[in-house]
Amino acid sequence: MGEPEVLTIDVNGVPTRVWRKGRGAPLGFLAGFGGLPRWVPFLDRLAETRQVIVPSLPGFPGGERGHSLLDTHLDWVLALRRTILAAGLDGADLVGSSVGGSMAAEMAAIWPSSVRKLVLGAPFGLFDAADPPTDPWAQRADRIPGLLCADPETWKALKALPEGANSVEWPIEQTRATEAAARIFWPLGNTRLEKRLPLIAAPTLILWGEQDRIMPLSYAQRIAGLLAGPHEIRIIPGAGHLAELDQPDAVASAILSWMT
Amino acid sequence: MKLMWFHLMPYTELPEDFREAHPSVWVDIHSSLFDPKRAHLMYNDFMDELEYAADCGYDAICVNEHHSNGYGLMPSPNLIASTLARRTRDVPICVLGNSLALYNPPTRVAEEFAMLDVISGGRLIAGFPVGTPMDTCFAYGQNPSQLRERYLEAHDLVIQAWTRPETFAFNGRYNQQRYVNIWPRPLQQPHPPIWIPGGGSVETWQWCAEMDYVYCYLSYYGYKAGKATMDGFWAEMDRLGKDRNPYRAGFAQVVAVAETREQAIELYTEAAEYFFNRCLHVDPRFAAPAGYSTEATQRAGFESMVKKAANAQTLIMGDKTNRALTMADFVDRGYVVIGSPDEVVEQLNALADDLNVGHLMVLMQFGNMNKQLTNYNTKLFAEQVMPRLKTRFSEWEDRWWPKPMEAGERADIPGLAAE
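As they're listed, the protein sequences go chains A and B.
When we follow my numbering, the leftmost residue of the first sequence carries the number 1, and every step to the right adds one.
When we follow my numbering, the leftmost residue of the second sequence carries the number 1, and every step to the right adds one.
Keep in mind that the hints were calculated from the coordinates and are not lab data.
It is possible that some hints are incorrect.
[Said to hold, decoys possible] Anything over 10 Å on all C-beta distances counts as not near chain B; from chain A, calculated: (1) H67; (2) D71; (3) R116; (4) A129; (5) A138; (6) L158; (7) L161; (8) V168; (9) R176; (10) A180; (11) A182; (12) P187; (13) G225; (14) D249.
[What the hints assert, rightly or not] In silico contact screen, one side only, chain A against chain B (beta carbon under 8 Å); selected entries: (15) R23; (16) W137; (17) Q139; (18) I144; (19) T175; (20) T178; (21) W186.
Yeah, the Cβ is synthetic: ideal placement off N, Cα and C, and Gly gets one too.
Full structure from sequences and hints, please.
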């Protein structure tokens with residue numbers, strides 16, 4: 001496992017981190033709730049056969065305070081469009097998890113030619129009053145790991161202070177990611193993505209952790225029912241909301257086989 | 001020193017097992033606990049108590065805004081303030097305040113405060129809190145990542161609405177209005193004094209200094225726990241080259257007075273335990289949504305002055321989750337200023353020395369205290385404590401106090417209770 005190449009792109013004047021690793025056709029990944037404060041094994045698995053490109057979302061680790069410039073849903077969608085273009089992902093395969101899944105869906109819906117094949121992992125953006133998502137912002141800190149991952153230790157390892165990191169700035173960066181998600185999805189997570197799902201023509205794999213404690217599994221079927229293009233639902237055993245963290249091999253395999 | 005009588009208006013009949021059986025007094029408190037017929041009596045008692053405090057000669061009477069809250073029955077403090085404007089004659093009315101970001105459009109606040117100022121003959125103190133996370137982000141669904149920006153913009157809009165003589169267009173980031181032109185206009189010019197209740201945020205202190213507003217720290221945990229925050233405030237004023245005029249600041253304090261300390265403990269223990277153990281039983285999951293505290297405040301949390309304040313809060317939260325506290329704890333920790341008139345004077349002098357606060361808001365009805373005991377507390381304090389504190393800070397000018405119309409200019413109001 002080597003380190004990824006780290007590039008910086010400009011999004012609305014904000015320097016934004018892009019990780020790049022591997023060779024082959026480009027494959028974009030947009031991270032989920034909490035973002036990626038560090039490189040994770042799941043990305044290595046993708047990089048074995050593809051050039052994996054991971055741009056940060058505004059306000060997420062690597063995205064500085066880009067979220068603070070975004071006031072409306074249109075602002076968010078355009079920031080992501082700029083990100084996709086600057087990261088060299090226009091027309092590539094795109095994978096999004098959770099918060100990133102919602103943004104990936106917007107890209108495929110609004111700019112259909114910008115996404116070849118799409119994978120949506122338990123995306124935000126929908127709300128069903130009869131089966132509401134868990135409120136991720138009204139939680140005691142000690143409950144968060146077990147809500148986001150099937151194995152709480154997975155989340156704790158992602159968020160643990162690395163040796164030599166700034167012990168003040170690191171926790172602030174993690175809180176910022178939670179804030180950035182709130183900025184776009186507060187209070188219900190409902191961006192009315194359902195209205196735009198029928199515009200998605202790209203072949204779409206819908207992935208869901210069997211133990212997702214944030215987004216109800218019932219939403220997978222709801223999404224599938226609205227997509228215009230070919231699609232499939234895959235449930236990942238032993239995985240929570242951020243399935244790629246809990247089960248990196250199984251999720252990477254599902255993605256890679258869908259993209260062939 | 002100004003002594004201001006502050007009512008939170010707590011629901012006084014939360015069940016004995018409230019702490020154990022219910023997760024939170026705030027946000028998701030269960031509707032079955034609310035009996036409107038009982039609340040009818042509570043509201044009327046509470047308004048009687050505020051009017052009684054005015055009769056007793058307190059410098060001001062104060063109300064505030066909370067939502068979905070079992071210890072604060074005033075989603076609209078302006079409704080209460082309007083009745084107080086009619087039922088009192090001279091006392092300033094302090095509304096602490098209206099959470100600006102919750103009003104759409106925020107000119108609603110400019111209008112209602114102007115109404116109160118005009119009806120009361122210029123007795124209004126206009127409070128502008130950001131509001132707690134429980135009130136703003138959860139009960140009212142405001143986005144924690146935009147709350148402060150919306151608040152600051154709403155503030156600008158309200159000030160312009162009060163002061164610009166011509167109809168104008170407001171082209172804000174969050175608010176756009178083509179025709180801003182409020183009627184009525186405020187009586188006090190250029191506008192009523194503005195006070196800012198806030199927590200220990202450095203930006204709030206800086207902003208109050210820049211705008212020349214009063215900063216109020218409305219902790220319920222007394223002057224010992226409040227010292228770190230007020231020290232931080234005064235250190236920041238020093239750094240900004242502002243004087244130490246105590247009237248730049250306000251502070252809330254629970255006060256209980258009786259003939260003797262023993263009698264006070266006996267009289268007020270039930271109400272104090274009700275207040276701290278039931279009224280302040282808040283689910284911590286609602287306390288700190290990401291984005292509510294700015295990054296500068298988070299950073300400052302790692303520095304000495306503010307960290308001490310944060311630790312005091314942590315201690316309290318720890319206690320709250322582990323066990324119910326007793327009167328002995330409240331007294332030891334200074335949550336409650338309690339005792340004979342002499343002892344209360346001594347403690348409030350210590351408070352004045354330690355915090356350098358010119359506007360002291362006394363919470364004299366707390367928890368499930370009934371009207372009889374509240375009025376006893378209010379009267380004894382007014383007669384035996386207040387006169388001995390009035391002269392504190394008399395060397396300073398209070399530039400942040402209402403300037404009402406002359407008595408001879410004001411309307412005759414029939415049927416005032418005091419007449």
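Structure-based check of each hint:
1. Some Cβ of chain B comes within 10 Å of the Cβ of A:H67; the nearest lies about 7 Å off, and the non-interface call is violated.
2. Chain B draws A:D71 into its interface by the beta-carbon criterion, the shortest separation being 6 Å against a cut-off of 10 Å.
3. Every Cβ of chain B is farther than 10 Å from the Cβ of A:R116; the closest lies at roughly 33 Å, confirming the non-interface assignment.
4. With a cut of 10 Å on Cβ distances, A:A129 stays outside the contact zone with chain B, its closest approach being about 15 Å.
5. The non-interface label for A:A138 is inconsistent with chain B: the shortest C-beta to C-beta separation is roughly 5 Å, within 10 Å.
6. With a minimum CB-CB distance of about 16 Å to chain B, A:L158 clears the 10 Å threshold, and the non-interface call stands.
7. At the 10 Å boundary, the C-beta of A:L161 stays outside the reach of chain B, the nearest C-beta of that chain being 13 Å off.
8. The claim that A:V168 lies off the interface is violated: its Cβ sits roughly 5 Å from the closest Cβ of chain B, which falls inside the 10 Å cut-off.
9. Residue-level check failed: A:R176 sits 7 Å from the nearest beta carbon of chain B, not beyond 10 Å.
10. Here A:A180 does not stay apart from chain B, with its beta-carbon only about 7 Å from theirs, under the 10 Å limit.
11. Taking the minimum C-beta to C-beta distance to chain B, about 5 Å, the non-interface status of A:A182 is violated against the 10 Å cut.
12. Distance check on A:P187: its Cβ comes as close as 5 Å (rounded) to a Cβ of chain B, failing to clear the 10 Å threshold; non-interface status is violated.
13. Look at A:G225: its CB is around 29 Å from the nearest CB on chain B, clear of 10 Å, so calling it non-interface holds up.
14. Annotated as non-interface, A:D249 keeps its C-beta farther than 10 Å from every C-beta of chain B; the closest such distance is 31 Å.
15. For A:R23, the shortest C-beta to C-beta distance to chain B is roughly 38 Å, which exceeds 8 Å, and the interface hint is violated.
16. Among the interface hints, the one on A:W137 holds; its C-beta lies about 5 Å from the nearest C-beta in chain B, closer than the 8 Å criterion.
17. Hint on A:Q139 holds. Least Cβ distance to chain B is approximately 5 Å, under the 8 Å limit.
18. Hint on A:I144 is violated. Least Cβ distance to chain B is approximately 10 Å, over the 8 Å limit.
19. Checking A:T175 against chain B: minimum C-beta separation of about 5 Å stays under 8 Å; hint holds.
20. Interface hint at A:T178: satisfied, since its Cβ lies 4 Å from the closest Cβ of chain B, which is below the 8 Å cut-off.
21. For A:W186, the suggested interface contact is upheld, since its CB lies about 4 Å from the closest CB of chain B, less than 8 Å.
In summary, the structure is inconsistent with hints 1, 2, 5, 8, 9, 10, 11, 12, 15 and 18 from the numbered list given earlier, while agreeing with the others.
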